[in-house]
Amino acid sequence: MMRNGKVIVLTAMLMAFSLAFAQTNAQVSFIITVDNLGPEYSNYSSNTSTINALGQSVYFSSYWTDDIVGLDYYYFEWNGVNTTAKSFVDNWSNETRTVSDANLEGQSISYAFHAKDLNHNWNSTYEDTISVVSAAPEYYTWESNSSNPAQGDIVLFSSYWTDNFNVYNATMQTNHSGEWLDNQTIYLNSLIGWANYTWNTTGYAGESVWWRINGFDNATNMNTTSEYSINVV
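Residue numbers for the sequence shown, in the working numbering: 243 to 475.
These aren't lab readings, by the way, just hints derived from the structure by calculation.
Among the hints, erroneous ones may be present.
What the hints assert, rightly or not - Okay, derived cross-link-like pairs now, SDA-like style, lysine to any residue, Cα gap no bigger than 25 Å in a straight line:
(1) LYS328 / LEU313
(2) LYS328 / GLU282
(3) LYS328 / GLU380
What the hints assert, rightly or not - Here are the simulated distance ranges between beta carbons:
(4) ASP343 / THR307: 33 to 43 Å
(5) VAL311 / SER366: 10 to 20 Å
(6) SER366 / ASN417: 55 to 65 Å
All residues carry an ideal CB built from backbone N, CA and C; glycine is no exception.
Work out the full structure, taking the sequences as your base and the hints as a guide.
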């Protein structure tokens, strides 16, 4: 009954207002705001578009506004994976990423910001990409401990390698018949490192044997040392 009483009173009040405004040709206007718009962004940027080496850091940012209810939190999406929710700092969303995965060499990494306002409306920046440079390993030293070993001697070979992301392995090859054959493979799995080999000269008396070393990174880029020969006496 009380609920009906309130309805009656409200109806009576509306009727009274209607009569009063009708006599004065006045109008009653009601404005209802429905917030279904997500935050807006500007100044979306990163400090570089290229990652040149393992361990390089990249900085991302975007400025956001929401004039109706205000900002709540945001996510940063990196290579298809969202980070945990973070709070805005003076309307800015900021993120720093350090590339620590050598397997990303030669790939493009996607990124974007996703922002939410206090009324649960979302908006996202456009998806952009960072290019990860792919480059072959480099060598600085390649040497053997003898160029004229006697048959049966053990010859030592070595080479020093570096890569912008990771030297995966280095394979020594020998050639005494016109065909290059894999001899030994050393797995470095490092930004820099030595690849050291031993080779038994037994059975090669009077022959000239050529040798070289091929270095590979995680992206299968290859580099090859110069070719040298040893004369087995």
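Status of the hints after comparison with the structure:
1. LYS328 / LEU313: Distance of about 11 Å is within 25 Å: holds.
2. LYS328 / GLU282: Holds, at about 17 Å.
3. LYS328 / GLU380: violated, 41 Å
4. ASP343 / THR307: 33 to 43 Å: holds, 35 Å
5. VAL311 / SER366: 10 to 20 Å: With a Cβ separation near 18 Å, VAL311 and SER366 satisfy 10 to 20 Å, so the hint holds.
6. SER366 / ASN417: 55 to 65 Å: holds, 57 Å
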